[in-house]
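Listed below, chain by chain, are the residues.
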Amino acid sequence: MRVREWMDREAAPRSTFAFLDDGAKKDVRRALLKAVAIPGYQVPYGSREMPLARGWGTGGIQITLSLLKPDDIVKVIDQGCDGSVNAVNIKKFYERTAGVEITTDTALATLVQTRHRIPEEPLTDRQILVLQVPYPEALREVEPSEAQTRRMHAEADYARMWLHLYEDIVRFGEIRISYRYPCTVNGRHVMDPSPIPRWDVPKLHMADALFLFGAGRERRIYAIPPHTRVEPLEFEDHRFRVEDFSGKSCARCGATDTFLDEILMPDGSQTHYCSDSGHCDKRRAGWKPC
Amino acid sequence: MTTAPTTQTSVQPTAVPASNSVAETSSRGSMLTIRNLSKTFRLHMLGGVELPAISEVSFEVLPGEFVGLSGPSGAGKSTVLKCIHRTYLATSGEILYRSAHRGTVDLVSVAEGEILEFRRTEIGFVSQFLRVIPRVGAQDLVAEPIRLRLGVDLETARLRAASLLDRLGIPRKLFSAYPATFSGGEQQRVNIARAVAWEPRLLLLDEPTASLDKRSVDAVVELFAQLRENGATMVGVFHDPELLERITDRVVRIGAEP
Amino acid sequence: MEALLRAHGITRRYGPGCALCLDSTGADAGTNRCPTCGSVWACRDVSLELRAEEALGIVGESGSGKSTLVKLLHFDDPATSGYLELARLRQLEGIGGIYADGCDWSRDLFSMDRYRQRRVRDASMGIVYQHPHLGLRMGVSSGGNVAERLLSAGWRSIGAMRQRASHLLERTEIPLSRMDEPPRNFSGGMQQRVQIAKALSGDPPILLLDEVSTGLDLSVQARVLDMIRTLREELRLSMVVVSHDLGVIHLLCQRTMVMKNGQVVESGLTDQILQDPQHGYTQLLVASQLQ
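Chains as they are written, first to last, in the working numbering: chain R, 6 to 295; chain H, -13 to 244; chain W, 74 to 364.
Heads up, some of the hints might be wrong.
Computed, partial: chain R to chain W, Cβ under 7 Å [stated by the list, open to error]:
#, residue
1, Asp26
2, Asp27
3, Glu151
4, Ala152
5, Met157
6, Trp167
7, Tyr171
8, Glu172
9, Ile174
10, Val175
11, Phe240
12, His243
From chain W, some residues computed to sit far from chain R (all C-beta separations above 10 Å) [unchecked claim]:
#, residue
13, Ala76
14, Arg161
15, Ser214
16, Ser230
Keep in mind the hints are simulated off the structure, nothing from the lab. Think of the CB as a built atom: it goes at the ideal place given N, C-alpha and C, for glycine as much as any other residue.
Input sequences plus hints: build the corresponding full structure.
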């Protein structure tokens, strides 16, 4: 018997739909239910080994695998791009283990998995966005001890997080956080929105879609249910601001209303492209955002 | 001494707390009635040895009266004053005080909070030594009780303090200096000024003139006379028997009869 | 003067405790550690009452439990048993579940959840520790240190917080030019004054002072004590003053409790404690004082 045949025979009876066994899926779904019930609260779960190294999106993958149905249409992006190696690999994985349809069109997808961006096109109440999270603890910057940060969350003791922002303003005249901007969810928990740019933070607020956050290495799951208040930490006299792209536009589609990546050209000049490649492609194909 | 219950002619218009029902038997009209007051010190460091300081002291003080306490050295004159002030805890006996607003109370047993209230509003004590307060000058030291207890503003309090220090012969150039650096006599005069500045209703004097020269004593005596004109009642111990006779209305002898 | 805070039977035990503990620890036993089970009774059955605008002194040697007591009052450490109640305070009215209808006193604060305890503490108490590093974040600016309590109490205006911080730092004689410097750069006396400013930031009615002047030079100590006296009077503060220095207690406090091996051996008016101490330990303490 050739190795290949042996592998097929060994693998066939055990492989279940969407790779994960039922026990693992149950564990993740249970964590998801709790996460949705307590918006912004980090639910610990037993993160499984994936055919991918931890830190490469295993948290998001486990959530997606636990939710996939055969008729799902999945979009996977990496920093806005459908074509990056990591995104492509993950898509292939879903295709092979669940046989689901893959798309680059946000509007068609029932489930979007993303690393560090939220699509420009507004998500609907029929869609779920799964975010890959490297560091789920928003307070880690100010408190190294996990026992302490858990206590702080339990008591809503966020003065030190606020103090951190206060110090930034006193020292530098503004808050220096460019991504992973801490937000208060549902008026209670301070949450790390994953390393999305500030540009994407307002999209979390009172959204129609469900946001699920998975940190595989750190073994945490949290969520923002639809129509939940998500407020970036800000002061009355120092408001939260998104990135400013005024005067710049996408060199491909001409957009002036999207998050732009800065590209350094070989001749040293700068140009800008949409970070959300699917959105950019749609625009170029003549589609107009309503 | 009679302990017969009094008739309906209670001296007190205000209600008397139940625990102080003894007040019923206090002599009518007296400000302070001391009965069978005893104080024994127990020294634990010397194996619990007991040192009796005063035993069965009884006397009365009428409103507006100036009563002097006399007796040989060590007879316990200061002890009586300190028991009245609750600086010492009496071992037995009672000290009935007719307060301005709270009826007659036994200073031996009344709650600490009441004592603090009396000290704040009614009862003053002049000790032999000045208690200096770091970083507070003489004038401010005297102004403090005027301001806090009489509720006047800082400027008025400082003016009154200045005139009082003037009367007691403290040179103006010392007004803002810290009394810790003063001579014994100067400190004592600042001390008196601080204690009487707010015009307490009952003033306890524990050898206030001990370290003063003749001229200062005269100034202090004059000050006391004025306080009495304003209605103060005083009980005092004086180092100098002649002075005691001269300035008090009546002398009560403490300790063994001669 | 009405009572503001009252505590009953406060006990803090470290260790399992056993049947022999009570007889073999305490002031009379001369130790707070049970020789049988090794439990330490840091604080045992302490009751106290603090009146409005009053300063209550707590004296005793190291290990007597006086610092533990203020930490319990400040919810830094959970009490093993006992009750703590606060009178109806305007500062606490916004916090739900503190007062039962028609009651002048709060519910037992020790049995409340930590979230409420923290809110009660932020609204009603300030604390100054002996070691500034316990009360201050040494790497954060002095203004930020003062702002922390305000942030905790829900302040969200940088301008308003900086105004309040500069006002308090000015009151505690910290030059405003150094407001954005971390206390790590400051002398011990200055750090202590930043701590006082921080403790007062939320305008609390109660100030807890734990050995506040210990370890400072005499002149610096005098300055800090004078400042506390002035602030107490102006802000109408009630204070609990922990010190092993009878001079500090005499200067600040009307009433005093004497603690030994976790127990209160004597309490009374401060001048009475100092001039007519009743308990053998207090007599020893008073006799050991430098004049």
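Now the hints, each set against the structure:
1. Asp26: violated, 39 Å
2. Asp27: violated, 38 Å
3. Glu151: violated, 17 Å
4. Ala152: violated, 13 Å
5. Met157: violated, 10 Å
6. Trp167: Constraint on Trp167 of chain R satisfied, holds at 4 Å.
7. Tyr171: holds, 6 Å
8. Glu172: holds, 5 Å
9. Ile174: holds, 6 Å
10. Val175: holds, 6 Å
11. Phe240: Holds: closest Cβ of chain W sits about 5 Å from Phe240 of chain R, inside 7 Å.
12. His243: holds, 6 Å
13. Ala76: Check passes; 28 Å lies beyond 10 Å.
14. Arg161: The claim holds: Arg161 of chain W sits with its nearest Cβ about 24 Å from chain R, beyond 10 Å.
15. Ser214: Violated: least Cβ distance 6 Å, not greater than 10 Å.
16. Ser230: violated, 4 Å
In the structure shown, a violation is registered for the earlier hints numbered 1, 2, 3, 4, 5, 15, 16, in ascending order.
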